[in-house]
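Enquirer: Spelled out, the chains give:
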Amino acid sequence: MITALTSLTILGAILGLILGVAARVFRVEGNALVAELVDILPGSQCGQCGFPGCAGAAQALAEGRAPVTLCPPGGRAVAIALAAKLGVDADVSGVQDSVPMIAEVREELCIGCTRCFKVCPTDAIMGAAQQIHSVFREACTACGKCEEVCPTESVKLQPVPVTLHAWYWNKPVTQTMQTVAA
Amino acid sequence: MKLFKLRGGVHPEGWKGLAAERAIRVLPLPERLFVPLQQHVGAPAQPLIKVGEHVLKGQIIGASQGFISAPVHASTSGRIVAIGDYTAAHPSGLAAPTVTIESDGEDRWLETDSPSDPFSLLPEEIAAAVGAAGIVGLGGATFPSAVKLNLSRKNNVRTLIINGGECEPYITCDDRLMRERASDIIEGVRLIRYAVGAVDVMVGIEENKPAALASMRAAAAGTEVQVIAVPAMYPMGWDKQMIRALTGREVPADGRSADIGVLVHNVATAYAVRDAVRFGRPLVSRLVTVSGGAVAEPGNLEVPIGTLVETLFQYCGGFSEKPARMVLGGPMMGIELFTAAVPVVKGTSGVLALTAREIGSTQASPCIRCSSCVRACPVGLLPLEMAAHIRAGDSNAAVSRGLKDCIACGCCSFVCPSHIPLVHYFNFAKGELMEQERGKLKQEATRKLADERIARTQRIERERQEAAEKRKAAREAREFAAKQAALQTTTEVA
Amino acid sequence: MNFQKLRGELYYQAALLGGVALVTTAALALADRATSSDIAAAQARDMQQSLTQVLPGEYDNDLLKDTLVLNGPNGEVTVYRARRAGRVEAVVFKVSGNGYAGPIDCMMGIDRNGHITGVRVIKHKETPGLGDKIEPAKGHWIYEFEGKSLGDPPAEKWGVKKDGGVFDQFAGATITPRGVVKAVKGGLDFFDKQRAQMLDDTVPLRETFGRTTEGGKP
Amino acid sequence: MSNIYSRITRDSLWNNNIVFAQTLGLCPTMAVTSTATNGLGMGLATTAVLVASNMLISSIRHAVSEEVRIPVYIVIIATLVTLVDVSINAWAHDLYKVLGLYIALIVANCAVLGRAEAYAAKNPILPSGMDGLMMGLGFTFALTIIGAVREILGTGTLFADAHLLLGPAFSFMELKLIPDYKGFLLMILPPGGFLAVGFLIAGKRIIDRRSASVAEPVPAAAPAIS
Amino acid sequence: MNAIAHSPHAHAPISVNRVMALVMLALTPATLFGFWLYGWPAINVWVMSLLAALLGEALVLRLQQRAVRPVLMDGSGLLTAWLLALSLPPWAPWWIAVLGSLFAVIISKQLYGGLGQNPFNPAMAARVMLLISFPMEMTTWVAPAPLGSIHAPGWLEGLAVTFTGSQVDGMASASLLGHVKTEFTRGIGLEQALSGYYAPLDALLGSRAGSLGETAALFLLAGGLFLMFKRIITWHAPVAMLIGVVVPALIFSAVSPAHYAGPLYHLLSGGLMLGAFFIITDPVTSPNTATGQFIFGLGCGLLTWIIRTWGGYPEGVAFAVMLMNAATPIIDHYVKPRIYGRNRKGVSMSIEPLKKES
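Residue numbers (our numbering), protein chains in the order written: chain Y, 1 to 182; chain W, 1 to 494; chain E, 1 to 218; chain B, 1 to 226; chain L, 1 to 358.
Extracted from the complex, chain Y is given alone in its bound form (with noise of 0.2 Å):
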């Protein structure tokens, strides 16, 4: 009986002791999963999610403390993305995959205050002072903050117009549970 206690004693030290080395040898600096996260944020910094701008986001997302569906610039294809990296099983489907939305200029509207011009994240709207503005298309995330701070509701966000470049097949809906019952 002594034997067992102190065979068994002297094992639970000793692995004691390795667990305990390991945790300092295996010590996981930082936090590798916020910089994959920033990755697929959109990275306009818009700041519509609530955090300040996509990192603090990244980070909030890594702590579990929001929700996958935070993004409203990126959609269901981010939400779908950040559910796949955190490995959690999200219900995105009340994210609607926004049909790609683009901030436009109603040219009879504006009266060229330039507030759009400044808050835009990625410098997305040209025009000066008393000039009318207008959208560069490819640089527009369609964050809306433009839409927020126009006096005169002439920046609107709308959905891109699609072109025979863009245009691509819809999904073919005739499908094995088609046969559902009205």
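To be clear, the hints were calculated from the coordinates, so they are not data collected in a lab. Note that CB positions come from ideal geometry on N, CA and C, so glycine has one too. Worth double-checking, as some hints may not be accurate.
Claimed, not checked - Sample of chain W residues with no beta-carbon within 10 Å of chain L, all distances over it, derived:
#1 Ala43
#2 Val51
#3 Arg79
#4 Asp107
#5 Arg108
#6 Pro210
#7 Ala232
#8 Gln314
#9 Met332
#10 Met434
#11 Glu435
As the list claims (entries may be wrong) - Per the computed footprint, the stretches of chain E lying under chain B, defined by three or more beta-carbons under 8 Å from a beta-carbon of chain B, are:
#12 11-20
#13 24-34
Following the hints, position chains W, E, B and L against chain Y.
Expert: Just chains W, E, B and L, lined up with the frame of chain Y:
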């Protein structure tokens, strides 16, 4: 000549009899022609004319833009009445930039000087002439031919293959062309051979076209051109399939046929090359098969580019019954037209009006994993698995199973007993992936812009602060000096 | 105690795990002491029970302690002996037969005159619902052996009916009863051969329980 | 405070049931649930271990360091299981003959370690004990139901051999529901266990969905399964 | 605007219903022969199986709130029940047929998601379920008593056999595989066991005790060839399965003829022919590629032979098929067609620099 083993492929009902025995007829000149500015793979052409201007047949109206592009020419003489969007021959039904020409009825060619002997030209000059004539791959790929010629010459292409494989059901325009204008084609072939410096020339024609084979063999007699019968199957007209049948080699997935020393051109392209080099005539018309169970008198027509499809149907006696579907191109890869008011373009080989019986059932049922599609796929893909992944929303998994190698030939959908629209899935996924790719590029670009903006605002803020500090220091210095001065004054006063 | 501070130390991990090991081992050792005699008694009771099943009647010795190890056809066999007034009245031992899906282990009891007092299957892997009718819980078949001996029925009739014997087979399964009959017959033969030794009253008592664990576990 | 306990109870017994919601501890579940009695016995033994391990681990939670916590928990759980094992063997030997082989399986029941990690290591002793008890009872409930389904379908009886587990006073529970039943062996064998668990989980989900749609003012229009 | 249809705008004249109908047509001769051989009880079993499959599938579809008609009309449920019925003892009680069919269509097929989603062959899964649950009913065979012969039960007697379980005396018999297995344990050699019990010609024609539709090797072979001719199945899996049984049988019977039966015996007994031509060619549960199907068939054959020879049960086709069904995803993962212009690993062929040849 030994032929090499092929795999996959299907044998759809040919329906060639509808039009194969009808000799080529020239379509009477239509009143208006709608010539799209992009009829080829690559960048669209830039319009060179203004509304109201008068043009001659063969006059350039759109200039090629960039390396991979082709010019567009007026298909007849007349007046430009519009330059703007017109419904394109595209499944989306969207409009594309199009030049509308009102014919003056004279059909007068632009005067050009042509060489007495085309073989006296330098190879580069032939390629240039082909490029200037706006010739693109007429088998349907519409890749600018001059680009291929130049690339092949640089790659020391040894073998020239002329693709006489017309495997799409109904379509007989190449068949007729080979039967009726074989010696012109052979001359075109020899010009291409000369232009790229190829050694061997093979013309592959499916064995179910004995008349075309005979006439081409007769025309090729005594030249270095070999005419070879290949098995009749679909997709024999796929250039890589033709290469495999004739040479036994495969084009690397990441490469081009020039990488293995082979250049493939369609017979109709060879015919157009001959016209362009010998007579300086650009590509302004082509042969189009009008066929299908609903067409009263199917036939093969020589049609100016830009003619509306409805004109073709009208000329062929209209419809004998209401067509269930109008198709531009062949039934395997063609696109459905929801209106016949779209123009014929350089890549249009046929227009079909099909009855419901010819189309067959399209009601989809669950996949039973019968793997008919696997056996039918000429590329060696697993269509059923790819479609299952795409259906589940995982297009990337489909890519890892070869989605990007898919040529959308339609063999899998054709044989599927469950009538699953497999190719539709693949094209959806390809489009989706392309959109993702574009989105990613845009995201990177906007991120850079946002970072720049943040850096700039920080810099401005910093500069403003520095300036403020400077001002403050200056003010303090001034005040100090003033004080000192005041002090001094007081002292002086005192 | 301020564990917060201590927990970071390296020696603390060793001490903690060692300590827990010490405490738990001690607990187990104590538990073993407290229960070992009861467990042994319970196991002995089990064995006793299974012996009584194949050996009905009153005997005045402790069968578990009155054993004999003999060389059987397939290695050593522990024979338990039942006495009345010092005279060996019956013996119990284990026999094995080949069933459909593996060996079938049986306990069988034989009285002094060579008549079977009972047979029970203690372990088998036969198909449930088909071959498991050899269990008393599933059928009465196993009782057929009681009272039989080597001469009754005659040796050539020691088999299932299908093979011309007297024992029933069950519908759908022939192999299982065939295996059991063969095993029981083998047990009788073994008894017949070693009869003198088994029934020899003078063999000194030997303390074997504790060493022989065979059949000791349920 | 009682709020906590009622939440623990509701969660453990139904919402977060070890078998039907977490699908943990399937190895012992499949192994013993060939009869309702076996399921009940295994469930009770697991409950005992769960209560003891949760309370013990909760009481030392401040002393246990991150690095060695899993070995410590495992050693404690294994010890407790062994104690239960030898106790039943010594003092309830008939029950041991029914459950004996499976008692040791409790060590491998991930639900026990799971509760230690997820609850006991973070909560005070009493709630931890309560959690262990209720999780254990939820487990017992699940095992008994599965056992009952398998037993009824497999052999046509219910609570066979209950007297071995609960004493002769409970032999009234032993029912023979279907006389002259031929037996449906598949249900007694492991595949039957999986089938029973699968159907019962499906049943639980249907009940949950029904009650959810009753609770909601606007019932979901979508069909249950599509 | 109407949705634009994607190409192709032509389709081969084939459909799921047609595939199922052709397979049923191919099964008809063997089935009719079974009816004739075993009489009215066999017909009852077959009818009960098919009815139960239809009703069971309809019930599940109702519960799932899916349209019933299109699914029942595709014929896959009927075919499953048909195959199951052919593998049952011809005089099995009605509830065996019903329970097996319900298990096949509800648990083995619809619970996995319906047609095309089930990993295991539903008919074989149901057969295995019945075999382990009701070993007695599933291994009670009768000697053939062709319709119209003296021993054959009449229509009413047939109903009694199927629905009340009454057995006609003297009809019980063992299947060949079961008989040999039983005799082996008695230490009786193969030759003796087979004498008087096994006549290759009878086996070929199917006149022996066995499952409803498994005995007529010749009719099953003909049905399989018909399906190959119609291009519903390919030769790979069936031929590989027969090879998988014949080759080890040949080797082992050559080494020790007293203990191991020869290839002909294996080919003509049990469910091998039905399995090779109708079970393992089920597209849903077999691999996608020709090579994969060959490997699959070979595995089925080998496992069948191993289970028959050394296993606990006399017949191994159902178990072998289920084991290989489980291996199908692995086979499909490793055996893929080579993509044009790529090597087997999916890497693009190298682009060799060309030299100008003069």
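Enquirer: All the hints need checking, so say for each whether the structure fits it.
Expert: So, going through the hints one by one against the coordinates:
1. Ala43: holds (26 Å)
2. Val51: holds (30 Å)
3. Arg79: The claim stands: arginine 79(W) keeps its Cβ more than 10 Å from every Cβ of chain L (closest is about 33 Å).
4. Asp107: Answer for aspartate 107(W): holds, closest chain L Cβ roughly 34 Å.
5. Arg108: Arginine 108(W) is indeed farther than 10 Å from all Cβ atoms of chain L, at 39 Å.
6. Pro210: holds (24 Å)
7. Ala232: holds (16 Å)
8. Gln314: holds (22 Å)
9. Met332: For methionine 332(W), whose nearest Cβ neighbour in chain L is about 5 Å away, the distance does not exceed 10 Å, so it is violated.
10. Met434: Label holds. Min Cβ-Cβ 17 Å, cutoff 10 Å.
11. Glu435: holds (18 Å)
12. 11-20: Since three or more residues must qualify, the claim that chain B covers the stretch 11-20 of chain E holds, with 5 doing so at under 8 Å.
13. 24-34: Since three or more residues must qualify, the claim that chain B covers the stretch 24-34 of chain E holds, with 6 doing so at under 8 Å.
Hint violations for this structure: number 9 only, all remaining hints satisfied.
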